[in-house]
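K.L.:
Dock chain B against chain A, hints included.
Line order of the protein sequences matches chains A and B.
Residue numbers for the first sequence follow the numbering used here, so the first one is 302 and each next one is one higher.
Residue numbers for the second sequence follow the numbering used here, so the first one is 35 and each next one is one higher.
There could be a bad hint or two in this list.
[Claimed, not checked] Derived coverage of chain B by chain A (criterion: at least 3 residues anywhere in the stretch with Cβ under 8 Å from a Cβ of chain A; other residues may be distant):
1. 192-202
2. 251-265
[Said to hold, decoys possible] A few chain B positions that, by computed beta-carbon distances, are all more than 12 Å from chain A:
3. Leu102
4. Ser119
5. Gln122
6. Leu128
7. Leu129
8. Ala156
9. Asn246
10. Leu279
11. Leu301
12. Ser323
What the hints contain is simulated information worked out from the structure, not anything from laboratory work.
What you are looking at is a predicted structure, and each value in this text was computed from that prediction instead of being measured.
Where a beta carbon is used, it is the ideal one built from N, C-alpha and C, also for glycine.
Okay, here's what each chain looks like letter by letter:
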Amino acid sequence: MTATPVNESSVRSTDVDLITPEQPDLPGGPRLGPGSRYALISTLGYVASLAIFGVLVAVKGADPISVYHTIISSTLLNGDAVAQTALRAIPIGLAALAVAVPARAGLINVGGEGQLIMGAVAATGIGVAVGAAVPGALSWAAMCVSGALAGALWAALSGVLRTWLGASEAVTTLLLNFIANDVMLYLIYQAWKDPHGSGQPQSRPLAHVAQLPKIFGSQLNIGVLIALVVVAVTWFLLQRTGWGFQLRVVGGNTEAARRAGLRVNSLLLSSMAVGGALAGLGGALNLAGVETQLRPDITLTFGYVAFLASFLGRHQPVKVVGAALLFSAVALSGNGLQITDGLDGTIVDILLALIVAVPLIVAKYRRRAA
Amino acid sequence: MNGVEQTLIGGVSGGTAILLPALGELISERAGVINLGTEGAMLAGALGGYAITESSGVIWYGIIAGILAGAAVGLAHSWITVRRSGDQIASGLLLWFLALGVTSVFGTGYVGTAITPLSNIAIPGLHSIPWVGVILFDQNILVYAGYLLVAVIWFVFYRTRVGLILRATGERPEVVAATGGKPQLVQIVAVTIGACLGGLGGAQLSIGYVGNWFNDMTSGYGFVAVAVVLFAAWRPVRVLGGAYLFGIVLAAASVLQAHGVSVNQYLLDALPYLVTLLALAVFARRGRSETPEALTQSLSRSG
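Only chain A is shown next, with the shape it has when bound in the complex (with noise of 0.2 Å):
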């Protein structure tokens, strides 16, 4: 084993760039500059997971080629699938979101899941209750609202823990998903059971008029148009506005951000509110548009999933918003492979993690390349 002298972490800033921008070629050998070299290595990476991921599927008995086909065939390439992805792509799009503005702050919200449930669980306790009798896109209104606030309280109360207590929101957020979810087993077992579900463990369904309206008679319903518009405005309030310029500050360097006058713990409170808002909205998007009723695993570890997108997006909106897009397809997949490959669905969670594994171990050459 060939342990370098000195910790990785402690040399990454300064002594790296000194270091590799001498590193000769092999003779002979393509020149590449550390930009493509990290492109190449990146890339055969990725070959390498899918390769990894075939295997795997040959050893429980199905065929590789027949597998991918599935993947790509159940997810892209009809009008109904591409819509299904979409739509998925709503909760782990807002949701991967949720950790990417907090992460601004240097903060790590693991409490996608949580937020995800407690945004679903307002929406639903409020379209129930109000959504029969009031217009549809008042119910619409009031869902959403009701969800990105229950979201972005359950977010908040992590983020307190943090900047009153001092205790790690890494982990308080983590404990929270399983609280939130007991939370909602509770309801749907219990308190809003729905009377008419012949015994099944879920609430009450909205009403018609309180499900968010399809496009065009597409798959797709508006909750498409309102996350769009969603990603834009966090794209616009972390890139062009003084509070994500501040944030990026804290995030940096938060002793110097101290010094110059900003206001911490607010800044890094209200990242973890925005955060969870948006995550709570994904949740309540999901069920008004999606779910319409409260069932169990109604978000399917999304939450978790949306961590790992964000982590793929290295945090930026935009491709942020690509990364769960990619993963929303591949979670679905794992439908089309139970059906057609006879594969449990659940081997879709190894293919996620094989995909953003490579980021990971190839980030040496990132920094390199930066």
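P.N.:
Using the frame of chain A, we list chain B on its own:
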């Protein structure tokens, strides 16, 4: 046997499934690496241990398989985070995902089967101490391994050179390097040993405690183990206390139900996580100054 006794017996036994991974996480974090993959190591250990015990019929092989399954997760995490300097939180979560996928794909055949869990061994003499004996000294071998490990880890941390180097690596890796040590090697070994204990904790759950396997059977215990290390301020004996606290809350929930006390089941399910969160809130401030310095960067990048 009254309810309190039952709760404490169950608390020590169930708490061991948190204690072992938490001790593993402690070793890893003292070397400066946080491992959320502990949840994944537990899952891998739970299935590995169960599958081997079920097919070979020898529970010892199962225990070894559980440890090895955990080691695989640990090696992957240490390679990504130490050798490739990948993000520790992201690496841990992706390894959890990987373990979730792998165990559910390869574990389907074992769902619905059962084995005889590890039998209890009453320690001669000690187990007849009134009250305490039944609770602490009539348990399975992995529970005793937990007691022993707390003592061994305390001794190694605070009374040996190896422990000093480990703790120094978690504080100032560059100082260890400057004095001729190999901080990366220390971290790789620490993370891997830590994950072995995670795997053993998973095995305690599947072959020590319940005697069967089901998907996602660790249900966040690995994350609780990480939280326990935090509110225990990275001290071995406090980790023991925290893990048993979790075990006792868990056991109390089922004892209350068995005695027909009508407490809301979902509140009971959430209780262990709530208690952990509360403990974290109460003790976080005090433990903050004791955070291994190399860890602060990945645990929370600002503040």
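K.L.:
Take the hints in turn and mark each one as holding or not.
P.N.:
Each hint tested on the structure:
1. Counting residues of the stretch 192-202 of chain B whose beta-carbon sits less than 8 Å from any beta-carbon of chain A gives 0, not enough to reach three: the coverage restraint is violated.
2. For the stretch 251-265 of chain B, the assignment as covered by chain A holds, since 7 residues bring a beta-carbon within under 8 Å of that chain's beta-carbons and 3 suffice.
3. Remark: the non-interface label on Leu102 of chain B is consistent with the geometry, its nearest Cβ contact in chain A lying 19 Å away (cut-off 12 Å).
4. Its beta-carbon lying about 4 Å from the closest one in chain A, Ser119 of chain B breaks the requirement of being farther than 12 Å from that chain.
5. Here Gln122 of chain B does not stay apart from chain A, with its beta-carbon only about 10 Å from theirs, under the 12 Å limit.
6. Not every CB of chain A lies more than 12 Å from the CB of Leu128 of chain B, the least distance being 5 Å, so the non-interface label is violated.
7. Against the 12 Å criterion, Leu129 of chain B falls within the reach of chain A, whose nearest CB is about 7 Å from its own CB.
8. The Cβ of Ala156 of chain B sits about 35 Å from the closest Cβ of chain A, beyond the 12 Å cut-off, so the non-interface label holds.
9. With a least beta-carbon separation of about 19 Å from chain A, Asn246 of chain B lies farther than 12 Å from that chain, consistent with its non-interface assignment.
10. Every CB of chain A lies more than 12 Å from the CB of Leu279 of chain B, the least distance being 14 Å, so the non-interface label holds.
11. The beta carbon of Leu301 of chain B is not kept farther than 12 Å from every beta carbon of chain A, the shortest such distance being approximately 7 Å.
12. Remark: the non-interface label on Ser323 of chain B conflicts with the geometry, its nearest Cβ contact in chain A lying 10 Å away (cut-off 12 Å).
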